[in-house]
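These protein sequence lines map, in sequence, to chains A and B.
Counting with our numbering, you get residues 1 to 321 for the letters of the first sequence.
Counting with our numbering, you get residues 1001 to 1293 for the letters of the second sequence.
Among the hints, erroneous ones may be present.
No more than 20 Å apart at the CA atoms, straight line, and that leaves these computed lysine to aspartate or glutamate pairs for DMTMM-like [said to hold, decoys possible]:
hint, chain 1, residue 1, chain 2, residue 2
1, B, K1037, B, E1190
2, B, K1268, A, E238
3, A, K182, A, D8
4, A, K320, A, E310
5, B, K1037, A, E113
6, A, K314, A, D8
Calculated directly from the structure, the hints in this document are not laboratory data.
All figures in this text were calculated on a predicted structure; none of them were measured in a lab.
Each chain is listed here by its residues.
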Amino acid sequence: MKISNARDPRTLLTAAFLVLAFLIPLFIGSNLYYLTILILMLIFIIYASAWNFLTFSGQGSLGHAAFFGLGGYAASLLALRLGLPPLVTLVFGGAFAAVIGILIGLTCVRLREWFLAMVTFGFAVIIQTLVVSQLAPVTGGWDGYPVPKLVPTSIPGYLMIEYYLILIIAIAVILIFHYLLKSRIGLALAAIRENELEARAAGINPVPFKLFAFGVSAFVTGIAGSLEIFHFGYITPEIFGIDLSFWPIIYSITGGLGTLAGPIVGTIVVTLLWDGLNAVGLTYARFIIIGVLLVLIIIFLPRGLVSIPEEIQKRIRRKKS
Amino acid sequence: MDGSIGILSQVAFWGLYSGCIYILLATGLNLIFGVMKIVNFAHGEFLMLGTYVTFFLFVISGFNPYVLLICSIPVLIVVGIIVERLCFRPILGTGKLNEIFISLGLIYIFQNMVAMIWTDEWRSIKSPFSDITISLGPLQLPLDYLIIITVTILILVAFYLFLQKTALGRAIRAASQNRKGAMLMGINVEKMDMLTFGIGAGLAGAAGTLWAVSGQVFNPYMGSIPAIKGFAIIILGGLGSIPGAIVGGLAIGMVENFTAYTLGGSWKDAVSFILLIVVLVIRPTGLFGEAEE
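Between the sequences and the hints, there should be enough to build the whole structure, so can you do that?
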């Protein structure tokens, strides 16, 4: 793995961004509202990055809330029943989501895009139904149950500790994705995404790679789900809602599909916009504004916000010539 | 024994009724898919708009809600045409799943515009015939459901005649069979896109009116699940096949109501997806679907 060129503006930007992420709580640390927004932002950066990782293999999902919720339920049940610390059980939450994800992936690998979208959406509905009906004795049905916090509230500055913990997890996740995509696996995934037939001809069996992408994506999504649950300290089946399946898609598209930076930029921009509009007092209107933003980006900026510098450079070059 | 047969046929009758709504949605989705090869996940929002147009006009005019079909269909046709021109035309032929992503945006826009105007409370209207039931042996048939089934059949027949007998219908069928070929024959394919999208939205609007008059409750967020089931239906029935949409719609309507009767109401939504997944595992292209292009 080549170490990126230090003069590359992208390396500088990333470094600046990381410094900012580590320093920002020091400035706003006393304001718990802002800190909560930042924590949720990090959780959704993890979630959106996981969703986006699936698109690297040419697959998509409209039902990732299934894995988000399964991770949350598995991790919190383990923490409650066995008394394990949340930081340990969230790995099991991710693993459980990954197992289910691979099972769902098995039914999906042969399907075309639209069918895949439908099946993943369907699974989220089916799992929610199971949780509120047949599994209700364990899950508490629609009422849900309280779960322990990631960092006990008795510790002073617990939110700050939580922020740094989740920040480290987020950085680890993005680094793993970065190296995975640079590896031979990433190359194979790209080949499958661009042309499955040619990939086959080159000796790549698409099925294990697609399942791998599904499993990894579900694993990280499960971890994100567990983190959210341990942050709120409560879980209900609302976690499987359609909205929670749609958010990572909106974040990823706004930022830029198929790039590592896309989901990060998208989550930050949309979350800030979202909470900003909320602060101004727009409730329904903010949904409309996000909807319009999404439509405009898909039509006029199909590669998302991260492509803006490139688009500007292109404009300038065109003017010069 | 007699009583249980009575109950079962009652459930079957409800299935037939809910099948009607699904058929109208699925036929519209199918027509749009046939011509434009896109999937409009925001199709349920047209259903929702249809219920609200009916609700609004019913409250201010007090007309018989069935008459309001004359309003809800044209209003939704216009909405559909606008949506096609502004949102789907620019992305035609771009990335694979763009139409699904743009539908997500549209879902947020429509749901919350309606919520801003009429709030997100559950609403319902009362049909003037809601107290009348017709007894047929052990069956108790609400008159409204009978009218809804009849209206659906009339709409489908009109739609079929339009597609088969008129020049416009022929042009739509041509564009759906072979886009390039139709273009070479001098058919304005883009106009057909606009038209089919409008008609699809109009059918969903009709379904919305029928939803409202049946006495079912509705709120701004009610559209997504029926539309996605409509899409499940056209996968079951085969993409682009109108008879498939009718058979699939009835099947889902029946299965849902029998499941709700046996397993409990919470399984009503999940069962159609279980059915869909089972079918797709066995046949990845749908029951009557053609092989990959």
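Results for each hint:
1. B:K1037 x B:E1190: Given pair B:K1037, B:E1190 holds - Cα atoms ~13 Å apart, limit 20 Å.
2. B:K1268 x A:E238: Distance ~18 Å between B:K1268 and A:E238 Cα, so the pair holds.
3. A:K182 x A:D8: Between A:K182 and A:D8 the Cα gap is close to 18 Å, so the pair holds against 20 Å.
4. A:K320 x A:E310: holds, 15 Å
5. B:K1037 x A:E113: It holds: about 12 Å lies between the C-alpha atoms, which stays within 20 Å.
6. A:K314 x A:D8: It holds: about 19 Å lies between the C-alpha atoms, which stays within 20 Å.
Consistency note: the structure conflicts with none of the earlier hints.
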